[in-house]
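Asks: Sequence:
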Amino acid sequence: MPRKADFVTDKTTTDTVRPRKPVAVGVRATKQRSAISDLLDNIEEFRSAQDLHDELRRRGEGIGLTTVYRTLQTLADAGTVDVLRIDTGESVYRRCSSGHHHHLVCRDCGYTVEVEGPTVETWSQSVAEDNGFTDVSHTIEIFGTCSECKAK
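Residue numbers for the sequence shown follow our numbering, so the first one is 1 and each next one is one higher.
Hints are computed from structural coordinates only; laboratory data are not their basis. Mixed in with the good hints, there may be bad ones.
[To be verified] Derived CB-CB ranges, DEER-like:
no., residue 1, residue 2, range
1, Glu44, Asp87, 12 to 22 Å
2, Arg58, Thr134, 41 to 51 Å
3, Glu129, Glu45, 15 to 25 Å
[Claimed, not checked] Pairs of lysine to any residue residues, derived as SDA-like cross-links and limited to a Cα-Cα distance of at most 25 Å, are as follows:
no., residue 1, residue 2
4, Lys152, Arg95
5, Lys150, Glu44
6, Lys31, Asp54
7, Lys150, Ile140
8, Lys150, Ser91
9, Lys152, His138
10, Lys31, Ile86
11, Lys150, Asn131
12, Lys150, Arg57
13, Lys150, Val115
14, Lys31, Val113
15, Lys31, Cys96
16, Lys150, Glu121
17, Lys31, Asp77
18, Lys31, Arg58
19, Lys31, Glu55
Cβ coordinates follow ideal geometry from the N, Cα and C atoms, glycine included.
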């Protein structure tokens with residue numbers, strides 16, 4: 001499960017109107033999408049849709065859980081959010097860095113490290129070619145125990 005690190009709370013005004021910033025290329029900015037996008041900009045660890053929904057409600061955002069799920073899927077489809085399926089089968093979300101990458105995920109606390117490396121790319125291409133596949137893509141998530149959890 002992801003670490004329950006404190007969310008950054010930067011909502012300082014409730015009675016002023018802020019222009020909505022784009023949430024993703026080709027994705028229409030709505031109040032709800034902007035609120036979710038802003039929250040994702042301020043967290044580093046992966047969070048479940050329920051965790052994000054709870055934090056948005058705590059901040060006073062009138063937003064439904066279904067809207068959170070739909071928005072996260074839209075952002076994932078646009079390539080601006082990473083989605084991991086953790087050991088329990090639950091999906092968790094985080095703003096992703098640019099470029100193709102993989103994840104090392106602590107199965108105890110959810111700590112996640114983005115990794116890039118030619119070894120995985122070379123291996124996946126080789127396996128594909130050995131089996132007659134072309135135009136391949138892949139997603140790799142490696143689960144283990146981080147050093148902090150191991151030390152406990």
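Asks: Does each hint fit the structure? Answer for all of them.
Replies: Each hint tested on the structure:
no.	hint	result
1	Glu44 x Asp87: 12 to 22 Å	holds (20 Å)
2	Arg58 x Thr134: 41 to 51 Å	holds (49 Å)
3	Glu129 x Glu45: 15 to 25 Å	violated (36 Å)
4	Lys152 x Arg95	violated (29 Å)
5	Lys150 x Glu44	holds (21 Å)
6	Lys31 x Asp54	holds (17 Å)
7	Lys150 x Ile140	holds (23 Å)
8	Lys150 x Ser91	holds (24 Å)
9	Lys152 x His138	violated (34 Å)
10	Lys31 x Ile86	violated (29 Å)
11	Lys150 x Asn131	violated (38 Å)
12	Lys150 x Arg57	violated (34 Å)
13	Lys150 x Val115	holds (20 Å)
14	Lys31 x Val113	violated (31 Å)
15	Lys31 x Cys96	holds (21 Å)
16	Lys150 x Glu121	violated (29 Å)
17	Lys31 x Asp77	holds (19 Å)
18	Lys31 x Arg58	holds (16 Å)
19	Lys31 x Glu55	holds (16 Å)
Hint violations for this structure: numbers 3, 4, 9, 10, 11, 12, 14 and 16, all remaining hints satisfied.
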